[in-house]
Structures are given as structure tokens and as C-alpha cells.
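Since chain A is already given, all that's left is putting chain B on it; use the hints.
Chains A and B, in that order, give the protein sequences.
Residues in the first sequence are numbered consecutively from 1, following this note's numbering.
Residues in the second sequence are numbered consecutively from 189, following this note's numbering.
These aren't lab readings, by the way, just hints derived from the structure by calculation.
Computed from a predicted model, the values in this text were never measured in an experiment.
Do not take every clue at face value.
If we take Cβ atoms under 10 angstroms as the criterion, some of the chain A residues that face chain B in the derived model are [said to hold, decoys possible]:
{"id": "1", "residue": "D59"}
{"id": "2", "residue": "S61"}
{"id": "3", "residue": "Y182"}
{"id": "4", "residue": "E183"}
Note that beta-carbon positions come from the ideal geometry of N, C-alpha and C, so glycine has one too.
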Amino acid sequence: MHNSLDTVNIMEKRLKLQGPHLWTREEAKKIRAEVTSILDSLTVGDTLVVDLSKVKVFDYSFANELFGKTMLSLSHEHPGRFMIVENLTEYTRENLGKALEGLNLAMIEREGSKLRLIGKVHPADKETFDALAHSTEPVSAGALSKELGLNLTAMNERLSKLTTLGLIRRDKGSSAAGREQYEYRVLR
Amino acid sequence: MKKLDSNTFDELLQEQEPSLRKPPSFDLREIGFVSPAGLVQLAAWSYQIARRKHRPRILVDDPSVRSYLVRAGFASAVGPVADIVPALNGDWGRYFRGSNPMLIEVTRIESASMLSDLLDRIILVPRQNLKYRETDAYDIAIAVSEVTQNTFDHNSSSYGFLSMQVYKSNPPFLEIGIADYGDGLLSTLRRNPKYKEIDDDKDAIAHCIRLGTSEHDDLTRGTGLHHLLEITYKHEGLVQIRSGNAKVRYRMDKRQGWFFSVATMGGVQIALNLPSKVSD
Numbered sequence: 001m002h003n004s005l006d007t008v009n010i011m012e013k014r015l016k017l018q019g020p021h022l023w024t025r026e027e028a029k030k031i032r033a034e035v036t037s038i039l040d041s042l043t044v045g046d047t048l049v050v051d052l053s054k055v056k057v058f059d060y061s062f063a064n065e066l067f068g069k070t071m072l073s074l075s076h077e078h079p080g081r082f083m084i085v086e087n088l089t090e091y092t093r094e095n096l097g098k099a100l101e102g103l104n105l106a107m108i109e110r111e112g113s114k115l116r117l118i119g120k121v122h123p124a125d126k127e128t129f130d131a132l133a134h135s136t137e138p139v140s141a142g143a144l145s146k147e148l149g150l151n152l153t154a155m156n157e158r159l160s161k162l163t164t165l166g167l168i169r170r171d172k173g174s175s176a177a178g179r180e181q182y183e184y185r186v187l188r
Numbered sequence: 189m190k191k192l193d194s195n196t197f198d199e200l201l202q203e204q205e206p207s208l209r210k211p212p213s214f215d216l217r218e219i220g221f222v223s224p225a226g227l228v229q230l231a232a233w234s235y236q237i238a239r240r241k242h243r244p245r246i247l248v249d250d251p252s253v254r255s256y257l258v259r260a261g262f263a264s265a266v267g268p269v270a271d272i273v274p275a276l277n278g279d280w281g282r283y284f285r286g287s288n289p290m291l292i293e294v295t296r297i298e299s300a301s302m303l304s305d306l307l308d309r310i311i312l313v314p315r316q317n318l319k320y321r322e323t324d325a326y327d328i329a330i331a332v333s334e335v336t337q338n339t340f341d342h343n344s345s346s347y348g349f350l351s352m353q354v355y356k357s358n359p360p361f362l363e364i365g366i367a368d369y370g371d372g373l374l375s376t377l378r379r380n381p382k383y384k385e386i387d388d389d390k391d392a393i394a395h396c397i398r399l400g401t402s403e404h405d406d407l408t409r410g411t412g413l414h415h416l417l418e419i420t421y422k423h424e425g426l427v428q429i430r431s432g433n434a435k436v437r438y439r440m441d442k443r444q445g446w447f448f449s450v451a452t453m454g455g456v457q458i459a460l461n462l463p464s465k466v467s468d
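Chain A with its partners taken away, still in its complex shape (with noise of 0.2 angstroms):
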């Protein structure tokens, strides 16, 4: 199999699988080396895109090894980098789903200008997300909180679990009075 890559620009690179039918955990190895490597490249805020137009269909073996290792190990080893997903099949999609699901996490797919989770989520992470995903400016959980109308520590909560799931970035930014907060966004 020959995966090809493309770098759209400094903030995104394109892994595009070749398909259509991808098989087994050693297969799932070889690629997901492929992606470590372009991860290692990347800088806080850029965003692996994996293209999956050329795939019909992965057993769950492959997807476990490949989208459930990587997610579960992005936000400690590749801290503020991101993993998207897009061009999924609606099979793909159930089955990406449901593999993550069973290993609950969630992954981020791009259909068009929009984003969506896919996987384990939870009603509360994905008002979250989305209000994150409409935000055209990083947010303070401060912020956030009097959007959603929620507690600062609920609010927090959320979002630390986004973080830990390498769904939102994190970094620090400073108030309009002048104080160090953390403010949160999706992608860059």
C-alpha cells in the first residue's frame, strides 16, 4: 500500500489512504507509523487531515491500531496537535464510530467547512465542542461558561476532558484585565 501525502500549507498536512479495503492490525502498524512521523513533524496547532475518500471499508482491528492508538496517546505525545478525519463513507463512518466508541474516545471529522465528533460523545462535550468549533477566536473557559450557561467548574471539567482527549488546544492567553488564563479553540 502507498499512502500519499500532501502539504496544504504549514498548518495542515493530508494523509490520503489508499484503499479500498484496508485489513488487519499489521497493516493498521505499518500506516499508523506513517502518521507518528508526520505528527513528529507537526507544531502546536497544526492538524493531520487522514483522507479516507478511497475507503470502503476497515475492520475494526485496523481501526482500533491505527485512529484508537493514535487518539489515545495524541494529547501526551503530540500535545496541541490534532488528528482529523474526512471524506468517511456513511459505513466508515458507523464503523469508525463504533470502534471508537468501544474504546471510549471520539475523533474529529471534517465534512466540507463543518466539524463534528464521531465516537463516544457525550451530549455535553459536543455543545462544547461546537460552541468552540463556531468560535473564530480562542475562548476562555470563563467565557464559555457564561455562553453555555454553566459553572466555571463544570465548564472546566468539560474541558479538560476535550483536552485530554485531543478533541480541543489549549494554551495560554491573558484576560482583558491583563491576567494569565488558558483559552481553548478547535484546530487553529
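The following block gives chain B in isolation, referenced to the frame of chain A:
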């Protein structure tokens, strides 16, 4: 007509005690029909006996069964380790693997690299013969992929065997048999300290069908049998999982499973029956 399938294999194993005979012999002289699951279980049994430095014999009289053993690839798969008695004549060359669109001949599964072609055929057969939609056929290939990966992931010195046959009965259906003669679920599971308390085959099967149960302490492992059951349920099939001296049969139109005690045989053996989609 007596048949050899995933059920009667166990009955014969119990009645005949073929491994204890000298030489070890499986007597199929009263058998008039053999299913894919029966074939691969017999192949796994033959290789298991051969590992103990014996050359087993398989006694077969019925001409149609003898012919089927050749056409279904069984004779060539077990030829290196077992004798079919009386010996087959020299007609082997008349049959070519892949020439029957309703059959996947007994195939030895040794590594991941050989799975791709096999799974492509598994997608094709139900699509051509049982009106499966593309994604339904993918489901079957996923189930087979997960189970066959187990055979070489967890066993280093044994093989697995796979066979598949479409039956144009009323209603039509397909059967897939996958069998190995490796360490079996109990021994494999107990390599993980988390499961060392498990001490019988029935419990081992019950654990292994849960998502994430594996010999490896790795969240991403332990997908095979769980997804086999989910996919069988989705397509309202029947599945039997056998290991050691226990087996479970699931009837998925009712999502109900029954456990049985059976005569001991090493390894893991799976029989999967799926209905046609003609009425869809």
C-alpha cells in the same frame, strides 16, 4: 443421510474418540454430507494429531463425500499430514481452486498478508449468490477478518483453516467455518494476569465475547469475537464458538446463546451461518 457439521463433529468426537485409536482415525463411512465448519474442524483435528507425531486416517466411503473432500480443497489441505482411506485416485488435478463461485475451498491461514485476497472473495461470494448489498458483504468480511487474525495473533506454531459454502436451498444460506488447533481461548486468556482466575473453557468463551477481553493488556485489543457476535446479530445468523471442552451457540434472531460441554479438542473453532437477503 448423516452429516458432518459443527454439531455432529462433536458427537462423533465424543462417540468415536478418534484421537485414542491406533492409528488415530476419524470414521466418516456413514457420512453423506460435510459442511464447511465440519471440514475445517476435521482439518484442525488432523493437524493437531500430526503435531503429536501421528498420521491420522480419515475413513470415507461415500463417493460424493470423497469427491467433495477434493473439490472443497480438504484433501489438498490435509494431504501433508493425514490419509484419506481408501486413498483417493489421481483425479485431484481436475479441480481448480476458485473455480466454484459458491465455494471458498479449505484455506490454510498463516499470516495477515494472505488475508486480503481471501477477504475480497468473501465479499464477492454472498454478493453474487445471496443478494447481499456491498456493505452487508463488508460486514461478513470484517467478521471473518477479526476471527482469522486471532488465529495467528495468539498462536505461533499452528495454523487456522477457513472454508465457506453457499447453499441454494430454500431458503438459501451460507456457512463459514474457521478453525485452528492452537492454544485455545482459556490458555490464551490466562496469559493476561487479569484473567488468571478463569479456569474453565465455558468461562473463557463467556469472557472472550466481551469487547476488550484479550491476552494483551491493551485497550485496543479483544475485538474479534465481540464483533463476530454483533455482525451475526445484525444479519440474524447463527454462530457457534467452540474451544477446549465447551461451546456456545447463538441464535441471533432471538439474541440467545446456549452453552454446551463437548469432548475436548484444542484450539478455537467457529461456525457461522447467515441467511440470504433475497427477500429484502
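Structure-based check of each hint:
Interface hint at A/D59: satisfied, since its Cβ lies 4 angstroms from the closest Cβ of chain B, which is below the 10 angstroms cut-off. At its closest, the beta carbon of A/S61 sits 6 angstroms from a beta carbon of chain B; the interface hint therefore holds under the 10 angstroms criterion. A hinted interface residue such as A/Y182 counts as satisfied when its beta carbon comes closer than 10 angstroms to some beta carbon of chain B; here the least separation is about 28 angstroms, so the hint is violated. Interface restraint check for A/E183: the shortest CB-CB distance to chain B comes to about 31 angstroms, outside 10 angstroms, so the restraint is violated.
Against the hints set out earlier in the document, violations occur for numbers 3 and 4.
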